[in-house]
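Participant: Each chain, letter by letter, is given below.
Protein chains: 2
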Amino acid sequence: MGSSPSNTANTTEEKVVSNGVNHTAPIATKGLAVDSASSPFKVFDFERRVPKPDDVFIRIHYCGICHSDIHQVKNEWHTSKYPMVPGHEITGVVEQVGSNVRKFRIGDHVGVGCMVDSCLHCNSCKKNFEQHCPDIAFTYSSTELDKVTPTYGGYSNFITVKEHFVCKVPKNLPLDAAAPLLCAGITTYSPLRQHNVGKNTRMGVIGLGGLGHMAVKFGVAMGAHVTVISTSESKRDDATKLGAKAFLVSKDAEQLKGAENSFDFIIDTVSAQHDVAAMINLLAFQGVYCMVGAPPKPAEIPSFVLLFKRPIITGSLIGGMKETQEMLDFCGKHEITCEIEKIEATPEQINVAYDRTLKSDVKYRFVIDILNAFK
Amino acid sequence: MGSSPSNTANTTEEKVVSNGVNHTAPIATKGLAVDSASSPFKVFDFERRVPKPDDVFIRIHYCGICHSDIHQVKNEWHTSKYPMVPGHEITGVVEQVGSNVRKFRIGDHVGVGCMVDSCLHCNSCKKNFEQHCPDIAFTYSSTELDKVTPTYGGYSNFITVKEHFVCKVPKNLPLDAAAPLLCAGITTYSPLRQHNVGKNTRMGVIGLGGLGHMAVKFGVAMGAHVTVISTSESKRDDATKLGAKAFLVSKDAEQLKGAENSFDFIIDTVSAQHDVAAMINLLAFQGVYCMVGAPPKPAEIPSFVLLFKRPIITGSLIGGMKETQEMLDFCGKHEITCEIEKIEATPEQINVAYDRTLKSDVKYRFVIDILNAFK
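Taken in order, these protein sequences are the chains called A and B.
Residue numbers for the first sequence follow my numbering, so the first one is 1 and each next one is one higher.
Residue numbers for the second sequence follow my numbering, so the first one is 1 and each next one is one higher.
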């Protein structure tokens, strides 16, 4: 279980953590937490468990800021548990492994996403959709399977996670830009795979934010002909740089009219209320429309569109562990990471990042530098 | 091209038409027509074309009354063409065939549904979805492919139809109860086949009318566990008689709660406005919800249901010619026909039937006796 000589880290910062540790008592951990929906972030001291036989102990290097962190910090989904250490776009390096762990070695680059445990025997788990397990333990603002022990997320310097819920991050990917792959990445990769996006698929991506820009990258890498559909003409250049072949302004009725019936697959990444029926009109006969955002009000879908277009209207929620690993391997092969802005792990910088995220003023994801924090 | 001795008709009424004819001039035809959205039905004299090489000339025996006949007679879809001879649930017997016709012989029992021609070379036609061809010629209130010649439907004693759009009706099925198979039958059979309903599929049928009762029969014959979901407790006995194993009253919140997440496939046959979101809640993870009715207002579908259930929300419109023939063969094998009330081909009886159809006061389809009309 010592560090492997072949596991040479590819940056200075990663070398410091490649020698392994041997914790036998709970591990003192520092995080950034809020105590209530209206509290500011503060440094929070807590403990991570000693790795059990099937656990991996990880030194967190980076954690992305997902829009859902903000919803949960503010208790907008009415399920928040405090104190809350948010964060479910986690990358880091393995420092210790339990005696039964086979997939990971000390020094491995790893990622942890939105969940840290599930029952592993229900129908959803057996189908590799652990994210739909009724007993799921989310990475934070949740509890372990005992329904008592709180879970704390990735705005912290260590985490202990069951091996099944840890993914390998290919060593050619920088850990900072890879962090958002664990949520924004899998959320957009999964529906493309589930609906067989491939060479020459006429694919539309609605919204060019954290999710949308990843959908464009994946679609392009899979060989699709990608069109970005945005409310704002200002995103055209960025769409092109990301590899999109076409751009539609969704507020321009004429452009929409010209694009009717022209997409085999549309991924809708927009969480703000918008006219879904107008977007479904863009689908070709038997096309697929997949929502990954969650607008507050229901989508209004005319029945005649369902009858005459025979579309598949569906949605998708992150992805299972097997698919998340497949996504990371795909990213390694195609050298895909997120476009990020890195910030320091301070309450002040997180506040600024949250404000800018709410204004969609980020290209395209904030990532917190945890490795250099709490010193 | 003479009648075949083996084509002995199985009822007295069918014997009279088994000897064939040899029309060489347009055929005087009688129908029941309306002249405008507010006109009463009247007897209407017109001509059918002499069969071209790929045409089949049919003596119509029966024609079902579809709810959409009423919409079109009253111009509720704003596309009606007058004078209008409605009717697209047609059964009859072949009296003459064109020189290139290979599939049909004089005396064959045949059916004609909602369409009488299409381009046969577009993507939809090539995929056997002729009903989605942009150049489709509907059976009535439409024009032939020349975009000029009006089409007249099955409330008439003869029809000349291109071979491709004629189906064989198995001889073990009575032609009266088989007539609605050409619309109500294929409308419900197609989505079950497209979505692989089969042994032990947990299938829900919303609405027990002309469409719903056929969906139940098909589902039962395919081995599904069928539940009828109806606003009215009064339909329970009929559902059971048709083979349904369970019954849910859709206005009973407690019953709906108990049935959440329990269906693999739901076919929604209701054209009146109803709460689609409440019905989608009944779907199991990754279940299929297929609408075949067309309520006037859009269905409201919450995005979180799409994300957490990963359902397929879709629709279906009749079926292509290949599938319509498959459906009729399936009906022959399983001895499936519609439950009907037969009426005479008079304006008075059609008026009564329309009024009762609008009140859902029919079990389950009116069929007009054309064979004994116009004498």
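None of these hints come from the bench; they were simulated from the model.
Among these hints, one or two may not hold up.
[To be verified] Using 27 angstroms as the maximum straight-line C-alpha spacing, the simulated DSSO-like pairs for lysine-lysine come out as follows:
hint, chain 1, residue 1, chain 2, residue 2
1, B, 126, B, 74
2, B, 42, B, 168
3, B, 126, A, 297
4, B, 199, A, 126
[As the list claims (entries may be wrong)] Output of the computed footprint for chain B on chain A, the stretches with three or more beta carbons under 8 angstroms from beta carbons of chain B:
hint, region
5, 48–61
6, 122–132
[Stated by the list, open to error] With beta-carbon atoms standing in for the labels, derived distance ranges:
hint, chain 1, residue 1, chain 2, residue 2, range
7, A, 352, B, 275, 53 to 61 angstroms
8, A, 360, B, 39, 56 to 64 angstroms
9, A, 147, B, 361, 51 to 59 angstroms
A quick note: this is a predicted structure, and the numbers were derived from the prediction, not measured.
Virtual Cβ for every residue (Gly too), placed ideally from N, Cα, C.
Participant: The structure should be examined with respect to each hint, and the outcome stated for every one.
Facilitator: How the hints compare with the structure:
{"no.": "1", "hint": "B:126 with B:74", "in the structure": "violated (34 angstroms)"}
{"no.": "2", "hint": "B:42 with B:168", "in the structure": "violated (31 angstroms)"}
{"no.": "3", "hint": "B:126 with A:297", "in the structure": "violated (39 angstroms)"}
{"no.": "4", "hint": "B:199 with A:126", "in the structure": "holds (22 angstroms)"}
{"no.": "5", "hint": "48–61", "in the structure": "violated (count 0)"}
{"no.": "6", "hint": "122–132", "in the structure": "holds (count 4)"}
{"no.": "7", "hint": "A:352 with B:275: 53 to 61 angstroms", "in the structure": "violated (44 angstroms)"}
{"no.": "8", "hint": "A:360 with B:39: 56 to 64 angstroms", "in the structure": "holds (58 angstroms)"}
{"no.": "9", "hint": "A:147 with B:361: 51 to 59 angstroms", "in the structure": "holds (54 angstroms)"}
In the structure shown, a violation is registered for the earlier hints numbered 1, 2, 3, 5, 7, in ascending order.
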